[in-house]
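A.B. asks: Below, each chain spelled out in residue letters.
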Amino acid sequence: MMKSKAPLLFIITAIASLITAISFGIIATLQYVQFDFLKPFLTFNKVRPMHVTGALSWVLLSAIGGIYYYLQKDGLLKKQLLVSYHFIIFLLTGIGIYTCYALGIFGGKEYLEFPPILIIPILIGWFLFAYNVIGSLLNGFTKRPVYFWMWCTGSVFMIYHLSEAYIWLTPYFKDKFLANTALQWKAGGSFVGSWNMLVYGTATYVMAKLSPTSGVGTDKKSFFFYFLGLSNLMFGWAHHVYLIPIAPWIRYFAYLVSMTEWILLISIIYSWKKSLNFNSTIENKVVIKFLSSTDKWVLINLFVALLISIPAINYYTHGTHVTVAHSMGTTIGINTTILLASIAYIVQKENPNFNFKLVLKGLTFFNIALILFLITLLVAGASRSQWMYALEPSAFAAMQYKLKTVYLIMAILGTLLTTTILVMVLPLFKGLMKALRG
Amino acid sequence: MSKKFLILIVLICFFGVYNYWVYTQSQPPTKPLLSTNALQGQKLWQDNNCNSCHQFYGLGGYLGPDLTNVYSLKGGDFINAMLNSGISTMPLFHFSDLEKQNIITFLKEIDSTGFYPDKKSIIHKNGWVEISEK
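Residue numbers (the working numbering), protein chains in the order written: chain A, 3 to 440; chain B, 600 to 733.
The following block holds chain A by itself, in its conformation from the complex:
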């Protein structure tokens, strides 16, 4: 049967989204330094959703493309044509969303700022994905490896939580501001949990393929951590709302279940590394290098996440750039390195003679730039917290002016980080284009 090229198109579009995200990220940071930078054309309320949507699209499209690719490669994907329909729906919706942002047409809530009607094609796309993935794996499902469980449950929960994010439109919730705020963060937190199922499932798949004898993906431990991660997806969201006067039991419960998901991944990666043959080819080496970076970023982010999930510390870090450092650390440090490992694996499969030397060089500088960028965010967060809890705080604008140097360093490091990301992704992009034409 003729293989569909749509999985590669998802990944190519994902890389284009990543480049879009980092470009708008730099503009946003420059607007912190020079408040009226590009203001007549591109105000911050347009730039921020363009940056965030690009980042979300990068993670989701590259995970989706990878999953379709792997299912197709393993001869499991049943409905190849649906993949193309899915791609067209997401591409047109994405163009629609960016057009709305450029024209200043909003109407949604944070992270989903586009007019609510646009969630309908997004949900249709996810339905197609879930139908195709689950339909392809249903036969003998209970005996399948853990990564297939992760992809199936991730796709179902993605639909549930994206729908839940619009519960504020219903008459029962419409006028309940506190409930809506809590549910917005419940949906958002679990949405991230759902994409983590897709991304971590991808990491587990690649690790299992590179080291088939390790037991990764099939042993009891993998399933134990899968269920722990799923519990976290379902119940571990409320650390975002510790300081909101909602029903206290929700916050107590969140304190109990917070952040076990990180322990999950690090444990899987460690057990995998032990059994891995490091005398691999240069091509495997790049995949291993990316996943080893993931390993280090999990450790760093685990530390930050565990700290800010303690309410007494969360009290001071909430509402500051410390939260941004945590979310960027996980999105860039963990998710991006996993997804780049997956893309490198695919490029290598499609072009066995591909030269990864530049990608490897980029990865070294990427890790350095990211750690410096995150430290700057933590400094900005600590300064803001100090201002917030001062007995007699100065005006907000005075605090922002005081932080201008920190924001300038952030902009410089952000540009450096962008450069290192480009050094890694442009050769991979070229490799994917070659595979698409081939």
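To be clear, the hints were calculated from the coordinates, so they are not data collected in a lab. Careful: at least some of the hints might be erroneous.
A few chain B residues facing chain A, derived, Cβ under 8 Å [as the list claims (entries may be wrong)]:
#1 K603
#2 L610
#3 C612
#4 L643
#5 Q645
#6 D646
#7 N647
#8 D665
#9 E732
In this text, a Cβ means the ideal position worked out from N, Cα and C, and glycines have one as well.
Start from chain A and add chain B according to the hints.
C.D. replies: Showing chain B alone in chain A's frame:
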């Protein structure tokens, strides 16, 4: 039925019960509901993506200040003046008088739900933070 599948079903059932409780109990009964005018103000807030710069209860963008208690701290006239003039970072949105009034009502009603930053919170030795009630 396999043990793994059974665990999945049990988790999903528990999730269903948990969601029912969260949906019905997250808004404490003592907390006010938004009025029709405040809902109009909320719509303007979302239509102009004010959340990209401002926060409520520390949630939102950080380019502008948190506005949870801006009404009790600065008053309606101050908010009106800000909406009339815009500043170097904030664009001038050209709201009508009625729209400005609805935004102020929205901010006033949010203010009545609680404090942020809550400087009177009690931090317990076990790491728990008891937030103050308004």
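A.B. asks: Compare the structure with each hint and give your call.
C.D. replies: Hints, one by one, checked against the model:
{"no.": "1", "hint": "K603", "verdict": "6 Å, holds"}
{"no.": "2", "hint": "L610", "verdict": "6 Å, holds"}
{"no.": "3", "hint": "C612", "verdict": "11 Å, violated"}
{"no.": "4", "hint": "L643", "verdict": "10 Å, violated"}
{"no.": "5", "hint": "Q645", "verdict": "6 Å, holds"}
{"no.": "6", "hint": "D646", "verdict": "6 Å, holds"}
{"no.": "7", "hint": "N647", "verdict": "7 Å, holds"}
{"no.": "8", "hint": "D665", "verdict": "6 Å, holds"}
{"no.": "9", "hint": "E732", "verdict": "7 Å, holds"}
Hint compliance for this structure: hints 3, 4 are broken, all remaining hints hold.
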